[in-house]
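Trainee: Given the coordinates of chain X, work out where chain G should sit on it, guided by the hints.
Note that the protein sequences, when read in sequence, are chains X and G. One point on numbering: in the numbering used here, the residue at position 21 of the first sequence is 21, and numbering is uninterrupted. Offset between the second sequence (1-based) and the numbering used here: plus 225.
Keep in mind that the hints were calculated from the coordinates and are not lab data. Since the structure is predicted, the reported quantities are computational estimates derived from the model, not experimental observations. Please note that the accuracy of each hint is not assured.
[Stated by the list, open to error] Straight-line C-alpha distance at most 27 Å; calculated DSS-like pairs for lysine-lysine:
1. G/K377 <-> X/K5
2. G/K377 <-> G/K405
3. G/K406 <-> G/K419
4. G/K363 <-> X/K72
5. G/K331 <-> G/K363
6. X/K5 <-> G/K331
7. G/K354 <-> G/K406
8. X/K72 <-> X/K5
9. G/K377 <-> G/K406
10. X/K72 <-> G/K354
11. X/K5 <-> G/K405
12. G/K419 <-> G/K363
13. G/K406 <-> G/K363
14. G/K331 <-> G/K419
15. G/K377 <-> G/K363
16. G/K363 <-> G/K405
17. G/K419 <-> X/K5
18. G/K331 <-> G/K354
[To be verified] Calculated Cβ distances over 10 Å to all of chain G for the following chain X residues:
19. F30
20. F39
21. F43
22. V50
23. E52
24. C82
25. L86
26. L106
27. P117
28. E129
29. E163
Note that beta-carbon positions come from the ideal geometry of N, C-alpha and C, so glycine has one too.
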Amino acid sequence: MTFLKVIQWVVWKDLITEIRSRETLSSMLFFAMIVILVFSFSFSMDQDAVRELIAGIIWVAFAFTGIIGLGKSFTVELHNDCLEYLQLSPAPKGAIYLGKMTANLLFMLTVEILLFPLFVLFFNLDVVEEIGLLLLIFFLATLGLSAVGTLFSALTVQIRAREVMLPVLLLPLAVPVMIAAVEATRGALNGAPLSLYSQWLELLIIFNVIFTVASFWLFELILDS
Amino acid sequence: MITIQSVQLSKSYGFYKIFEDLSFSIPAGECFALFGPNGAGKTTLLQVLATLTRPTSGRFEILGYDGITEKPAIRNSVMVLAHGSYLYDDLNAVENIQFASALRGKSPTFQEITRALDFVNIGAFRDLKIRFFSAGMKKRLGLAKVFLIQPKVLFLDEPYNALDDAGVGITNDLIRDLLKKGGTAFMTTHDRIKATQVASQTGILRQGTLHPFNLESQTTNDLS
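Only chain X is shown next, with the shape it has when bound in the complex:
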């Protein structure tokens, strides 16, 4: 019960803080819109080329936007030494990790849901039939990024060059998520049968289970070191 309450309170605190400050979401949205604009004006693609490349473009925008949000996840805890309070509290550290991870997941999904219509608009995508599947892919891949990203955000928060170190450490580990997300998104956007790309969804699920469990156990060590 206490475990679930701690998760709930950490999510609540991060959401309330963000709703009031709007620091993370606004910077994520601003960056993502620039990416969409640059890509949409850089390529003059026919519809076939769009279908081949758009999945990669979407995930470049989502991943780098997510990194901005993940980077801020623990820097807010440095102010007034709140990170020290988290460390000193008797609350299960795994619950704090899951709370932070859930809040990051919600921020990233919010931005993705706001951005995706812009991709549809700028690249003239037909997504009506596959929207449910696309949302599932977005959820699974974003969960993977959030699971690893939250851990690395905590790991790099005390480093002076944290803005550089977070993507340097996170992106190589997130490569399987990125590849699986791009392949599954491409399959869904092209209207291919699910059986042709379901292995990528399975990879996302396996990655999420392994890295959420590993990060859950490692978080206490990182917070205490």
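Mentor: Relative to the frame of chain X, chain G by itself:
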């Protein structure tokens, strides 16, 4: 009963020894005031005892729990009032208390929180975001958390900084109340006059070693 027991506790950063072979014990119901010049290692010692930093060697126990291997049990009974306020700027006073209490498995009612805020005389500002609080008000909010959570051991790092006379009175009242209930306090301070009002044991940390400090006979020069 001994609440804080330190045995040959040492801490170094690289080749630089902060303190070495500190052995002392603080019984339940007593307040220990630690003096010392800037850079003597007072805050580092407090951080070690509060389980924020590992000692380089030696061992210590808080309430009978080993300081290295039984951190969760210690953290359950200990509270720290440090230089940082541990407050979120975009939450108001009530929300900050609710969050801090939740992390300690407590869920005080709104009335209890209001009573705690009134005790430290900031009840009128309960809905104000912390970003608008002065340093003294933040310090008082920290005291309100102590009032609500009632820890068995309280660590205070320079508790009188930024507080007016009334705030100092509230701090010392809270410490006296804690001691009366069998709790223990450990504070680092430069203010021997204010510390005299509550501390029953004193020491001075100088050049990495702990010396007894006599509140009556020693002068301010001894602290620098």
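Trainee: Going through the numbered hints above, which ones does this structure break? Give me the numbers in ascending order.
Mentor: 7, 11, 14, 17, 24 and 25
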